[in-house]
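*Asks:* Sequence:
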Amino acid sequence: MPLDPTQKNYDPARMIVHENMHIPQLGRKRHVRVYLPANYDRSSQQFPVMYMHDGQNVFEPELCIAGASWQVAEQLDELQAKGESKGFIVVAIDCSPLRGHLGRRDEYSPWTFAPPAVLANWEQAIEPQGGDGDAYCDFIVQTLKPYIDSHYRTLPERESTIIAGSSMGGFISLYAALRYQDTFSKAGVFSPAFWFAAKEMRTFIEQACIERPIEIYMDIGTHETSDPAIDGFPALYHELAVEFAGILNRKSCQLKCHFDVDNGGIHSESAWANRFLTMVEKFNLD
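Note that the numbering used here has the sequence shown beginning at 1, numbered continuously upward.
Note that these hints are calculated values from the structure, not bench results.
There's no promise every hint is true.
Unchecked claim - No more than 25 Å apart at the CA atoms, straight line, and that leaves these computed lysine to any residue pairs for SDA-like:
#	residue 1	residue 2
1	Lys256	Thr278
2	Lys145	Ser43
3	Lys86	Lys199
4	Lys282	Val242
5	Lys256	Ala229
6	Lys8	Arg28
7	Lys256	Asp182
8	Lys8	Gly27
9	Lys145	Lys82
10	Lys145	Arg158
11	Lys29	Lys82
12	Lys282	Lys199
13	Lys282	Pro228
14	Lys29	Lys86
15	Lys8	Glu62
16	Lys256	Asp227
17	Lys29	Asp149
18	Lys29	Asp4
19	Lys86	Glu206
20	Lys29	Tyr147
21	Lys86	Thr222
22	Lys29	Ser43
23	Lys82	Thr278
24	Lys29	Thr154
25	Lys145	Pro156
26	Lys82	Thr222
27	Lys256	Asp231
28	Lys282	Lys29
29	Lys199	Lys251
What the hints assert, rightly or not - Pairwise CB distance ranges, derived in the manner of DEER restraints:
#	residue 1	residue 2	range
30	His151	Asp11	28 to 34 Å
31	His22	Ala235	21 to 27 Å
32	Glu211	Gly131	22 to 28 Å
33	Glu239	Gly131	21 to 27 Å
34	Arg202	Gln80	21 to 27 Å
35	Glu211	Glu62	17 to 23 Å
36	Gly232	Gln45	47 to 53 Å
37	Thr6	Ser252	37 to 43 Å
38	His151	Glu206	35 to 41 Å
39	Asp182	Lys29	26 to 32 Å
40	Gln142	Pro213	35 to 41 Å
Don't be surprised by glycine CBs; every beta carbon is placed ideally from N, CA and C.
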């Protein structure tokens, strides 16, 4: 089936939306979307779980700014139909609607925004943002995952638990995988927004003790930007991704980072949809 991120072609019977799930760590509520494998109701099988950020963009093109989703459900369904995957449960957490795009950044970084020189005059750098990332990760690990494990047939072990996202969602996925090594064994880090707090992330990685095997899939496009008005954004995205891939691969023999560059790739759900199965293949998720 040709990939068309503007279309929705998944089985709605296997999509469960938990509306307004309480986030006690932040005193907020959030929709959480759970997509079940094709054979979920026809077996007693347990399944690995992939936790994803920006949940409204993972499945629903009509909820995406550009009108294109990641098409995660359709792509995983096709893998199952071909016999190339035993199936996954995908748990997609909607991003914060607070303060526009700033609420999302608040929750996707444990640190506040520290703009590099190229972004010093960016209008989006004026307001304080970031700093809720630890509480958000605590919600996933301490509240959401126990709920999912108790209500669905999951494989709860770390070896079967993945966290993934793009941009700021990629940033917080890397952080969560290194902070919660007993929970996650793999992280999908698509188009990471390291520019948000590069110095702090460097220090965090340098000080992290890698106690368990961890795999990271990281990618970057050569035409990524979060604001077309900033000429230096694409180079900043690319240079920082290359730098951090090197840092991760030099960190520990227990930490492996698969790094891909998408020539011409842009900062959009359609680009991440096209690269999603690359992550699945790199992790050998069958």
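*Asks:* Evaluate each hint against the coordinates.
*Replies:* These are the hints, each one checked on the structure:
1. Pair hint Lys256 plus Thr278 holds up; C-alpha atoms about 16 Å apart against a cutoff of 25 Å.
2. Distance check on the hinted pair: Lys145 and Ser43 sit about 22 Å apart at the alpha-carbon level, within 25 Å; holds.
3. Pair hint Lys86 plus Lys199 does not hold up; C-alpha atoms about 40 Å apart against a cutoff of 25 Å.
4. Between Lys282 and Val242 the CA atoms are separated by roughly 18 Å; this keeps the pair inside 25 Å, and the hint holds.
5. Straight-line distance between C-alpha atoms of Lys256 and Ala229 comes to about 35 Å, which puts the hinted pair past the 25 Å bound.
6. For the proposed pair Lys8 and Arg28, the alpha carbon gap of about 29 Å is over 25 Å, so the pair is violated.
7. At roughly 17 Å between alpha-carbon atoms, Lys256 and Asp182 fall within 25 Å of each other, so this suggested pair holds.
8. Taking the CA atoms of Lys8 and Gly27, the gap is near 32 Å; set against the 25 Å cutoff, the hint is violated.
9. Restraint check: the Cα-Cα separation between Lys145 and Lys82 comes to about 29 Å, which exceeds 25 Å; the hinted pair is violated.
10. Straight-line distance between C-alpha atoms of Lys145 and Arg158 comes to about 11 Å, which keeps the hinted pair within the 25 Å bound.
11. Among the hinted pairs, Lys29 with Lys82 is inconsistent with the structure: their alpha-carbon atoms are about 38 Å apart, more than 25 Å.
12. For a cut-off of 25 Å, the pair hint linking Lys282 to Lys199 is broken: about 28 Å separates their Cα positions.
13. Taking the CA atoms of Lys282 and Pro228, the gap is near 31 Å; set against the 25 Å cutoff, the hint is violated.
14. A C-alpha spacing of about 32 Å is found between Lys29 and Lys86, which places the hinted pair above 25 Å, so the restraint is violated.
15. Simply put, Lys8 and Glu62 have alpha-carbon atoms about 9 Å apart, close enough for the 25 Å limit, and the pair holds.
16. Restraint check for Lys256 and Asp227: the C-alpha separation of about 31 Å exceeds 25 Å, so the hint is violated.
17. For the hint pairing Lys29 with Asp149, the CA-to-CA distance comes to about 20 Å; that is within 25 Å, so the pair holds.
18. With a C-alpha separation of about 31 Å, the suggested pair Lys29 and Asp4 falls outside the 25 Å cut-off, and the hint is violated.
19. Note on Lys86 and Glu206: the hinted pairing is violated, with a Cα-Cα distance of about 36 Å set against a maximum of 25 Å.
20. Of the pairs offered as hints, the one joining Lys29 and Tyr147 holds, with about 15 Å between alpha carbons and a cut-off of 25 Å not exceeded.
21. Taking the CA atoms of Lys86 and Thr222, the gap is near 34 Å; set against the 25 Å cutoff, the hint is violated.
22. For the hint linking Lys29 to Ser43, the alpha-carbon distance of about 32 Å lies beyond 25 Å, and the restraint is violated.
23. Using a Cα cut-off of 25 Å, the hinted pair Lys82 and Thr278 holds, with the two alpha carbons roughly 16 Å apart.
24. For the suggested pair Lys29 and Thr154, the alpha carbons sit about 24 Å apart, so the restraint of at most 25 Å is met.
25. Distance hint between Lys145 and Pro156 is fulfilled; the C-alpha atoms sit about 8 Å from each other, no more than 25 Å.
26. Note on Lys82 and Thr222: the hinted pairing is violated, with a Cα-Cα distance of about 32 Å set against a maximum of 25 Å.
27. At most 25 Å may separate the alpha-carbon atoms for a hinted pair to count; Lys256 and Asp231 exceed this at roughly 32 Å.
28. In summary, the hint linking Lys282 to Lys29 is not supported, as the alpha carbons are separated by about 34 Å, beyond the 25 Å threshold.
29. With a C-alpha separation of about 16 Å, the suggested pairing of Lys199 with Lys251 holds against the 25 Å cut-off.
30. Take His151 and Asp11: their Cβ atoms lie about 19 Å apart, and the range 28 to 34 Å is violated.
31. For His22 and Ala235, the Cβ-Cβ distance of about 41 Å falls outside the hinted range of 21 to 27 Å, so the restraint is violated.
32. Taken as a hint, the range 22 to 28 Å holds for the pair Glu211 and Gly131, whose Cβ atoms sit roughly 26 Å apart.
33. Remark: the range hint 21 to 27 Å for Glu239 to Gly131 is upheld by a beta-carbon distance near 25 Å.
34. Distance hint for Arg202 and Gln80: a CB-CB separation of about 39 Å, inconsistent with the stated range 21 to 27 Å.
35. For the hinted restraint 17 to 23 Å between Glu211 and Glu62, the CB-CB distance of approximately 43 Å leaves it violated.
36. Taking the beta carbon of each, Gly232 and Gln45 are about 49 Å apart, inside 47 to 53 Å as hinted.
37. Taken as a hint, the range 37 to 43 Å holds for the pair Thr6 and Ser252, whose Cβ atoms sit roughly 41 Å apart.
38. Hint check: His151 to Glu206, Cβ distance near 38 Å, so the stated range 35 to 41 Å holds.
39. As the Cβ distance of Asp182 to Lys29 is approximately 27 Å, the hint placing it in 26 to 32 Å holds.
40. For Gln142 paired with Pro213, a C-beta distance near 23 Å fails the hint of 35 to 41 Å.
The structure does not agree with the numbered hints 3, 5, 6, 8, 9, 11, 12, 13, 14, 16, 18, 19, 21, 22, 26, 27, 28, 30, 31, 34, 35, 40 stated previously, though it agrees with the rest.
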